[in-house]
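Required output: the full structure, derived from the provided sequences and hints.
If you want the building blocks of each chain, they are given just below.
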Amino acid sequence: MKNLQKDFYVNESKEMGVKGILENLIKKNRKKVKAVKNLSFEIAEGEIVGFLGPNGAGKSTTIKMMTGILTPTRGEVKVCGVIPYQKRQQNAKNIGVVFGHRTQLWWDLPVKDSFLLLKKIYEIDDLTYKKNLSYFMELLDMESFIERPIRQLSLGQRMRCDLAAAFLHNPSIVYLDEPTIGLDITSKKKIREFICEVNKERKSTIVLTTHDMSDIEQLATRVIVIANGDMIYDGTIEQLRRQYQNERVLTFSLKEDINKYLDLREWKHKVTVNYTNDKLVIRMPVNTPIKQMIDWVTSQYVVKDIKIDETSIEDIIEEVYKQCGNQYISM
Amino acid sequence: MAVKKYILLYSGMLYKNMRESTSYKLDFAVGVFAHLIIQISSLFCTIIVYNNVDTLGGFDFGECLILLGCYLLPMGIEEFFLHNVWSISKHVHSGSLDGYLTKPANTLFLLVVDGTNIHGFILTICGIIYLIFGFINTNIYVGCWKVIWLVICVISGAFIIFSITVFMETLSFWFTEVTNATVMIDSLRQLVRYPITIFHPFLQKFLIFVVPYAYTSFFSATLLFDLDKYMCYTYATPFVAMVMVMGAKKFFAFGLKNYSSPCGS
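Listed in order, the protein sequences are those of chains A and B. Read left to right, the first sequence gives residues 2 to 332 (this note's numbering). Read left to right, the second sequence gives residues 166 to 430 (this note's numbering).
Among the hints, a few may not be true.
[To be verified] Below, a list of computed lysine-lysine pairs in the DSS-like style, where the Cα atoms sit at most 25 Å apart:
id : chain 1 : residue 1 : chain 2 : residue 2
1  : A       : Lys88     : B       : Lys169
2  : B       : Lys170    : A       : Lys121
3  : B       : Lys190    : A       : Lys88
[To be verified] Sample of chain B residues lacking proximity to chain A, with all beta carbon distances greater than 12 Å (derived):
id : residue
4  : Asn216
5  : Ala270
6  : Val408
7  : Leu421
Treat the hints as calculated values from the structure; they're not laboratory data. Computed from a predicted structure; not experimentally measured. Just so it is clear, CB atoms sit at the ideal spot from N, CA and C, and this is done for glycine as well.
So, in structure tokens, the structure goes:
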């Protein structure tokens with residue numbers, strides 16, 4: 002993918018109430034918005050890539066350009082040597098798609114009939130179809146509801162069906178747009194296991210967008226962070242952690258209330274201290290020796306308990322989003 | 166190979182559509198009832214008109230029944246097989262077009278076969294009944310040749326209605342919501358249930374050359390009446406249909422480039 006760009010026109014309405022309605026009818030408030038500004042990256046075969054970014058960052062737009070749904074304003078996309086929006090059908094044979102908010106299956110049709118229809122659309126041969134179906138049925142535990150119409154399935158069941166449908170024709174690349182949205186812990190787990198398993202077994206490349214960091218932590222081998230249509234990070238999750246994790250939090254529970262002034266001047270590293278009654282919270286940079294600090298505190302007070310927190314991946318991502326948000330404002 | 170795929174796919178979709186349409190039994194029954202009422206009331210209208218005049222645009226009651234039959238036949242076929250084309254703007258508006266675009270088959274084909282108005286068969290049956298009553302009333306001779314041409318004209322007519330709807334609905338790629346415009350153009354079709362000779366020449370030309378609905382009823386009826394004056398139009402019908410379908414297909418593909426899927430989905 003090279004210098005990919007996409008402009009959209011959005012309608013904006015300033016007035017409200019009756020005035021707004023009239024304005025809506027008469028005026029055209031169109032504004033050009035650059036949803037994806039200048040994106041370039043390559044994804045290797047068999048990778049699981051997590052797309053991250055705040056809402057409205059351009060993740061879905063990028064995925065839609067990769068799947069051939071949208072035509073880019075400028076730049077080029079190539080998936081397995083095919084330009085998706087030009088050779089849509091050829092591209093569609095190679096890919097599987099799951100949109101978390103919307104099922105691709107037919108509302109009133111029993112699940113197995115939907116699968117049969119997909120078999121016809123993708124021209125899957127009987128052997129592959131049978132093999133895949135029984136494999137997915139077992140992996141996703143679909144036996145109990147395969148004969149019910151999609152309309153009457155729970156969200157978790159439906160998502161499992163959608164996933165199975167996306168992998169049915171052995172696609173070489175699968176796009177999952179928020180596959181775990183609105184699901185409970187067990188459903189999420191099942192879906193993650195499935196993705197992991199199929200990726201290993203079939204070597205399918207997987208492109209995933211999500212707002213659930215555990216998805217990313219457990220699945221993605223690589224993370225691409227997009228904000229305001231620009232790529233702001235591309236690398237492994239560990240690197241991201243190292244790059245943005247800047248502090249650790251030490252929480253001491255003390256036997257007695259703090260009554261004397263804490264003199265941290267001798268402490269040459271940069272730390273911040275908060276305390277209330279018998280709780281002492283110290284934030285310190287990652288590279289400062291933690292043992293020294295613990296020793297120092299224990300020499301001053303009688304300590305009941307110590308808790309060490311590292312910045313969670315959620316906090317890191319929040320930090321990343323915040324930073325790019327500031328950048329955006331300063332532009 | 167491709168043709169075989171699409172035939173297989175179509176049979177699968179047809180099964181799916183039948184299943185969907187019949188999963189709500191009450192709605193299905195009410196639909197049948199509603200269509201019958203519409204047809205009966207339209208027949209009453211025609212009868213009332215002919216109670217007051219002997220001929221309309223040069224055609225008597227029996228001939229008008231045949232015209233009505235010719236009007237209903239392609240309409241029934243269009244409703245049954247191709248009616249889902251009306252949902253293009255709905256799919257563009259809601260973004261559900263995304264799903265069709267990621268499937269390895271022609272998008273327009275997938276869209277069109279993914280739904281039916283199962284009540285179309287009622288229109289076709291009514292059309293056949295009108296034709297039979299018309300023939301009884303007029304003593305027109307119908308040979309093998311005429312039947313073949315009638316079938317060709319009816320199928321072409323269905324595709325002409327379809328193409329015009331595709332043209333209108335495709336506009337939704339630019340304007341998002343166009344159902345009203347489609348309804349407006351489609352309502353012109355109401356005109357061709359009457360002989361087009363009763364209209365102003367300008368309107369006649371309009372219905373032949375601009376929005377060619379005249380081919381969906383009038384020119385198949387004149388074939389049955391042996392009116393040589395209109396024969397060239399009758400024979401042109403399948404070609405008009407072909408040109409319209411190809412044009413519609415091209416226009417749809419062109420519109421697709423402008424598709425902007427809704428945000429946040």
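Hint-by-hint comparison with the structure:
1. Lys88(A) x Lys169(B): holds, 21 Å
2. Lys170(B) x Lys121(A): Judged against 25 Å, a Cα distance of about 8 Å means the pair holds.
3. Lys190(B) x Lys88(A): Between Lys190(B) and Lys88(A) the Cα gap is close to 41 Å, so the pair fails against 25 Å, i.e. violated.
4. Asn216: Its Cβ never comes within 12 Å of chain A, the nearest being 45 Å, so this holds.
5. Ala270: violated, 6 Å
6. Val408: About 24 Å separates Val408(B) from the closest Cβ of chain A, which puts it past 12 Å; holds.
7. Leu421: Given a closest Cβ separation of 8 Å, the condition is violated.
In this structure, the earlier hints numbered 3, 5 and 7 are contradicted, and the remaining ones agree with it.
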